[in-house]
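Novice: Okay, so the sequence shown: first residue is 1 according to the working numbering, each after it adds one.
Hints in this document: simulated from the structure, not taken from any laboratory. Certain hints may be false.
[Claimed, not checked] No farther apart than 20 angstroms at their CA atoms in a straight line, the calculated lysine to aspartate or glutamate pairs in the EDC-like style are these: (1) K95 - E132; (2) K422 - D459; (3) K440 - E195.
[Stated by the list, open to error] Pairwise CB distance ranges (calculated): (4) L144 - A368: 42 to 48 angstroms; (5) L30 - R139: 52 to 58 angstroms; (6) L107 - L442: 43 to 49 angstroms; (7) D102 - R165: 29 to 35 angstroms.
Glycine included, every Cβ here is placed at the ideal spot set by N, Cα and C.
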Amino acid sequence: NAPAIDVLDRTGATAVIDLLLDCLDVLETLIEDVADGKDSGTASYALIERLKALSGTLSEPEEGGGQTEDRPAGAAPAAPAGEKADAKKKLVRVKVTIERLDNLMNLVSELVISKARFSDIAAAWHIDPLSESLQQFDRICLDLQEEVLQTRLVPVSQIFERYPRMVRDLARKLGKEVNLEMSGSEIEIDRTLLEEISDLLVHLLRNAVDHGIELPEQRVAGGKAAVGLLRLSAKRERGAVHISVSDDGGGIDFEEIAKSAVLKGILQSVEAAALGPQDVLNILCAPGFSTAREVTDVSGRGVGMDVVKSRIDALNGKLEMRSQKGAGSEFFIQLPLTLAIIQALLVKVRLEIYAIPLSNVLEIVSVAEDELSTIASREVLTLREEVLPLLSLARAFGASGAAALAAGPARLKVVIVEMGGKKVGLLVDTLIGRREIVVKPLSSMIKIRTFSGATILGDGRVVPIIDVAALTEIKSDVAA
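Produce the entire structure from the sequences given, and follow the hints as far as they go.
Specialist: And the structure:
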């Protein structure tokens with residue numbers, strides 16, 4: 001774990017930090033002047049004098065505080081700090097362009113598609129020797145895929161290191177005292193995902209400093225330390241990356257959120273009486289929702305959260321929240337390690353095949369038609385005392401053809417999916433099974449809200465990948 005970064009302490013170190021940051025700002029401006037061939041008129045003389053004064057203060061030795069280390073005559077000088085004793089062990093690094101990494105990933109993706117094609121041929125023609133060879137080929141593909149994915153991983157420290165300065169400047173602007181603790185900076189994630197989540201973390205951190213952590217006098221009056229604590233952590237668990245942003249501030253007032261949601265027509269009074277953490281998060285992520293009494297240039301609790309949630313959903317991730325009034329809040333982000341190759345459930349609806357990301361699938365159930373019920377003209381399924389809305393993919397996608405008739409009593413196949421705390425039962429005709437698929441993005445000219453991309457099966461068929469986040473927003477219904 002990285003040590004705590006005191007972004008606004010109440011010792012003399014604050015002046016030193018201010019001076020060093022001012023130096024960085026001036027150096028950046030001077031370098032830009034040289035690159036652009038212009039003079040912005042940045043004065044550095046006063047800064048040099050401040051540095052000289054600071055240098056003189058720090059160079060004065062304390063009485064009795066100095067220590068010397070005697071070295072025996074003829075002894076070799078000590079090796080420079082940080083130098084390895086064994087010079088033979090050297091780490092060789094090779095620079096590879098991002099374009100080459102992308103090309104390599106595309107080739108591996110095509111290899112995965114070809115592997116699926118060979119597997120289909122071997123199964124269709126019952127070619128045992130080919131099936132045996134494909135088992136070894138499959139292992140090699142998996143190893144190659146893992147190695148390529150590893151080359152695309154970069155540590156989250158590349159974005160984490162930007163935040164201490166931002167938090168410090170914002171805290172000082174708001175008259176607050178905040179310590180930022182960061183851990184898990186060494187955790188690696190796909191570079192594409194890293195670029196996507198950078199701005200999302202800025203939203204969450206700014207919200208925590210602005211509306212989460214109280215002013216020093218308010219904290220002291222409430223029995224807290226004057227300095228607030230903000231934590232940013234990352235860890236890798238079960239093939240996913242978990243990022244947490246938490247603070248020990250005032251927390252979220254559920255009652256205030258409920259009142260505001262009722263006034264804005266987002267909730268009914270009856271619904272507002274039984275709000276849970278995930279319900280509150282969904283309200284906070286509603287476009288334009290905010291409880292701020294005045295508009296400022298700092299993100300408010302709720303302002304920008306709709307962007308955070310929609311982008312996390314687009315990345316096949318999850319956003320969760322825990323909060324307690326007076327004790328602080330914590331936001332959890334779960335993301336896949338990569339977006340290029342994912343596990344999916346293939347289903348058939350009439351004559352079409354669709355892929356559902358396995359990360360969104362909770363379970364698959366088989367029910368009889370008489371187990372369904374209707375609430376407010378909508379078909380629902382009661383599963384373990386939980387009422388779930390149903391959505392017919394045949395009707396939602398306008399699939400053509402007749403449903404396959406099963407032998408024996410008619411049973412409906414329902415895939416229970418979840419996104420952002422919302423669960424929906426998807427009615428399908430046939431379950432094909434679990435497959436590893438390559439995600440191909442849709443062209444910018446093709447705008448289909450219910451699909452997040454497409455994949456290619458072994459037989460060359462193009463299969464749409466269902467956007468579960470979009471489906472959970474569609475009005476639930478059931479096709480006959």
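Novice: Determine for every hint whether it applies to the structure shown.
Specialist: Taking the hints in turn, this is what the structure says about them:
For the given pair, K95 sits about 38 angstroms from E132 by alpha-carbon distance, which is inconsistent with the 20 angstroms threshold. At most 20 angstroms may separate the alpha-carbon atoms for a hinted pair to count; K422 and D459 exceed this at roughly 34 angstroms. Proximity of K440 to E195 is assessed by CA-CA distance (about 19 angstroms); at most 20 angstroms being required, the pair is judged to hold. Look at L144 against A368: about 46 angstroms separates their beta carbons, and that is inside 42 to 48 angstroms.
In this structure the supplied range 52 to 58 angstroms holds for L30 paired with R139, their Cβ-Cβ distance being about 56 angstroms. Taking 43 to 49 angstroms as the suggested C-beta distance range, the pair L107 and L442 does not conform, at roughly 21 angstroms. A hinted range of 29 to 35 angstroms holds for the C-beta pair D102 and R165, which are about 31 angstroms apart.
Violated hints for the displayed structure, listed by number in ascending order: 1, 2 and 6.
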